[in-house]
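Asks: Given only the sequences and the hints, what does the whole structure look like? Please build it.
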Amino acid sequence: MLRQAATAQRRSLCIVIRIIIAGEHAIVRGGLRHIIATGSDMVVTAEAGHGSDLLGKLRNCAVDLLLLDMTMPGVSGVDLLRRVHAEQPSLPVLVLSIHDEAQVASRVLRAGATGYLTKDSDPALLLDAIRKLGDGGRFIDPKLVDALVFETHHSDVPPHEALSDREFQVLQMLAAGRSINEIAQVHARSAKTVSTHKMRLMHKLGLANNAELIRYAIRHGLTPSDLPYG
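Numbering follows UniProt numbering, with no gaps: position 89 of the sequence shown is 89.
Treat each hint with caution, since some may be false.
So the derived label-pair ranges between C-beta atoms look like this [said to hold, decoys possible]:
id : residue 1 : residue 2 : range
1  : S190      : P142      : 25 to 31 Å
2  : D79       : K204      : 15 to 21 Å
3  : A37       : A191      : 39 to 45 Å
4  : G137      : K204      : 45 to 51 Å
5  : A162      : H34       : 15 to 21 Å
6  : L125      : G49       : 20 to 26 Å
Hints were generated in silico from the structure; no laboratory data involved. Every residue gets a Cβ at the ideal spot worked out from N, C-alpha and C, and that includes glycine.
Replies: Right, here's the structure in full:
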């Protein structure tokens with residue numbers, strides 16, 4: 001009821017949520033723009049297709065909310081989120097991701113996001129999430145709420161929480177069967193750099209070979225059905 005009242009008040013005052021959409025694929029941005037256009041209290045004022053473009057537009061455009069698709073070229077979505085949060089800590093950020101694992105959502109929220117929604121969600125849920133962030137709240141995909149609560153109150157911190165964001169991505173992709181060269185191509189890094197990330201994460205997790213890595217990822221629910229990390 002309180003959220004409905006806040007939304008009604010915003011509409012009565014003709015206050016519109018100004019949104020910037022950031023994501024690699026123009027067709028996805030277009031679909032999001034189409035959904036947002038169905039809401040009379042929100043409007044897309046800018047789009048960005050890569051990290052530097054987003055940061056530049058955030059510095060020069062007046063926006064109230066960032067809708068961030070985690071699939072961005074040449075940069076980790078979490079790394080980009082941290083840069084955005086460092087420059088504009090008060091800007092609400094709603095993250096869209098293919099990942100429905102609580103561990104991924106938790107990392108994104110710790111990096112500065114105020115909302116997290118999976119890409120298979122109903123369009124109406126996207127509008128609800130935008131409105132909630134626009135009213136100063138937070139939003140978590142309903143499918144993940146219980147899992148996130150459990151993770152927050154669990155006393156044991158798993159070893160993979162000590163990994164850097166890039167190491168975490170490499171772990172996921174290796175567990176999904178991607179080769180070093182494939183990972184390097186996806187993230188625009190050299191194979192040598194990816195190999196270094198692999199070596200470091202294997203050391204941190206105490207793993208001896210790829211078989212142990214895969215077993216670890218399965219045991220901790222770190223094997224998403226689709227990649228890259230987005």
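Asks: If a hint holds in the structure, say so; if it does not, say that too.
Replies: Verification of the hints:
Our hint of 25 to 31 Å for S190 and P142 is violated, since their Cβ atoms are close to 40 Å apart. For D79 paired with K204, a C-beta distance near 18 Å keeps the hint of 15 to 21 Å intact. At about 43 Å, the beta-carbon gap between A37 and A191 stays in the expected band of 39 to 45 Å. Checking the proposed 45 to 51 Å range against G137 and K204 shows it is violated: the Cβ atoms sit about 36 Å from each other.
The hinted window of 15 to 21 Å between A162 and H34 is violated, with their beta carbons roughly 41 Å apart. Remark: the range hint 20 to 26 Å for L125 to G49 is upheld by a beta-carbon distance near 25 Å.
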